[in-house]
Amino acid sequence: MRITVNVNGTEYSRVIEPRLLLIHFIRDDLGLTGSHWGCDTSNCGACIVWLDEQPVKSCTVLAPMADGRRILTVEGLARGGRLDPVQQGFARCHGLQCGFCTPGMMLTARWLLDHNPDPTEAQIREAISGQLCRCTGYENIVRSVRWAADHEAAVSADTAGQAGGTRARPR
Amino acid sequence: MQVPAYVEYERATSVDHALTLLARFGPEARILAGGHSLIPMMKLRLAQPETLVDINDLDDLSYLTVTDGELRIGAMTRHAQLLDSALAGEHFAILHDAERVIADPVVRLWGTVGGSLCQADPSEDLSAAFAALKAVMVIQNLEGSRTVPARDFHTGPYETVVAPGELLTQIRIPIVPGGGSAYEKVGRRAGDWPIGAAGAAIWLDGDTVARAGVGLTAVGAEHFCSAPAEDFLCGAPATPQTFARAGQIAAEHCRPVSDQRGPADYKRHLAGELTTRALLRALARVRAHAPAAAD
Chain A
1 MRITVNVNGT EYSRVIEPRL LLIHFIRDDL GLTGSHWGCD TSNCGACIVW
51 LDEQPVKSCT VLAPMADGRR ILTVEGLARG GRLDPVQQGF ARCHGLQCGF
101 CTPGMMLTAR WLLDHNPDPT EAQIREAISG QLCRCTGYEN IVRSVRWAAD
151 HEAAVSADTA GQAGGTRARP R
Chain B
1 MQVPAYVEYE RATSVDHALT LLARFGPEAR ILAGGHSLIP MMKLRLAQPE
51 TLVDINDLDD LSYLTVTDGE LRIGAMTRHA QLLDSALAGE HFAILHDAER
101 VIADPVVRLW GTVGGSLCQA DPSEDLSAAF AALKAVMVIQ NLEGSRTVPA
151 RDFHTGPYET VVAPGELLTQ IRIPIVPGGG SAYEKVGRRA GDWPIGAAGA
201 AIWLDGDTVA RAGVGLTAVG AEHFCSAPAE DFLCGAPATP QTFARAGQIA
251 AEHCRPVSDQ RGPADYKRHL AGELTTRALL RALARVRAHA PAAAD
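Line by line, the protein sequences are chains A and B. If you're matching positions, the first sequence starts at 1 in the working numbering and goes up one per residue. If you're matching positions, the second sequence starts at 1 in the working numbering and goes up one per residue.
Just so you know, the hints here were simulated from the structure itself, not pulled from any lab data. All of these numbers come straight from a predicted model, not from anything done at the bench. All C-beta atoms, glycine included, are put in the ideal place defined by N, C-alpha and C. Warning: the hint list may mix true and false statements.
Only part of the chain B face toward chain A is listed, based on derived beta-carbon distances under 10 Å [to be verified]: (1) P40; (2) M42; (3) L46; (4) A47; (5) A103; (6) R108; (7) L109; (8) L142.
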């Protein structure tokens with residue numbers, strides 16, 4: 001079957017088998033390897049992307065379910081040539097070691113901050129509770145998200161006026 | 001690498017369309033809701049449907065309303081929606097207790113109430129919560145719809161009364177004033193199935209239990225409930241001693257099996273202890289909401 005998906009603002013149309021998992025479609029068919037294929041059992045969250053306005057574990061979605069919908073991957077987080085505040089937070093606070101869980105962590109963090117701009121540490125930990133960092137670097141991941149929350153306004157103001165990204169932001 | 005077997009995919013645009021597709025593709029067609037139970041089962045080849053009927057576009061099955069004295073939950077309501085619903089929490093705190101510990105926040109955005117029930121995992125949380133609340137399931141087919149009590153919905157592990165060509169569309173919970181409810185679960189880690197869990201709903205007449213529902217999951221309780229514990233509770237004084245005894249009765253009547261989550265005797269212990277705790281918390285909620293005695 002043929003599916004058409006908007007990924008990070010670009011339309012892609014491909015012929016696929018309906019059983020294809022979304023993570024493999026994104027990585028193998030589209031060549032966007034920023035999303036990682038981890039546990040394959042919806043436990044680790046390395047494969048998290050946004051489907052329409054919400055994060056989803058893309059190893060647990062069939063590619064045809066994304067037909068006609070929008071996807072945001074880590075490649076689409078930066079806007080107007082500027083890293084998203086969450087990406088800046090991970091860079092500044094050493095939020096990654098091996099980096100395998102990072103794309104999923106950042107996409108969940110972006111979603112959290114869009115819905116709760118001032119999360120407590122407990123709320124950040126709850127938000128990422130379905131994701132695994134095998135380096136066990138959770139302390140710095142939480143700090144990175146908190147950094148993004150604290151600097152969101154400044155970073156966003158900095159980005160305002162530049163060529164906007166194509167990412168649809170909820171609210 | 002886990003990949004599902006070859007499958008056909010159809011996307012339904014309405015309930016009638018979904019039912020028509022189910023009729024056309026026969027008993028080997030399966031409804032695809034959130035997919036967060038079915039797709040893992042397909043990856044393990046434990047489920048091997050020939051055709052998937054995707055109902056994610058059926059927004060008209062995604063709602064929470066109070067109608068005719070019932071809380072009505074559309075089958076496509078996502079776990080996160082139920083957890084966020086003040087309406088549901090106001091009437092049935094047990095649903096928020098349970099949703100808070102179902103899967104993880106990202107999975108809760110996609111997994112659906114109806115999908116969880118139809119997956120019929122013997123460790124599923126909402127099955128116990130709805131059993132405690134004596135909910136009623138609405139099942140639709142091309143001829144019309146029928147209702148089935150929550151306690152008759154499951155016919156065994158991974159099996160329900162929903163026949164080929166049918167669709168679970170709604171869950172109804174009668175709203176009876178003056179009640180309180182709670183859910184208690186012990187799990188190993190975020191996102192995992194419970195080792196054991198219990199839900200309780202009680203209604204008081206003065207200091208006596210007038211009505212009671214006890215739901216259990218993951219401990220081999222028939223129909224996800226404990227009728228003997230409920231029988232004991234009705235008419236008994238609402239005291240910690242009564243609730244401790246009800247827990248013992250619930251533990252005696254379930255049939256847990258040992259697995260990687262724990263030995264059977266530990267699960268039996270949980271069934272009793274969590275039933276007692278859920279009853280105590282439900283009672284505290286009844287008291288918290290009871291109007292102060294008039295004088």
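Tested hints:
1. P40: 6 Å, holds
2. M42: 8 Å, holds
3. L46: 13 Å, violated
4. A47: 12 Å, violated
5. A103: It holds, given that the least Cβ distance between A103(B) and chain A is near 7 Å, below 10 Å.
6. R108: 9 Å, holds
7. L109: At 5 Å from the nearest chain A Cβ, L109(B) passes the 10 Å test, so the hint holds.
8. L142: Because about 25 Å separates L142(B) from the closest Cβ in chain A, which is outside the 10 Å limit, the hint is violated.
When the structure is compared with the earlier hints, violations turn up for hints 3, 4 and 8 and for no others.
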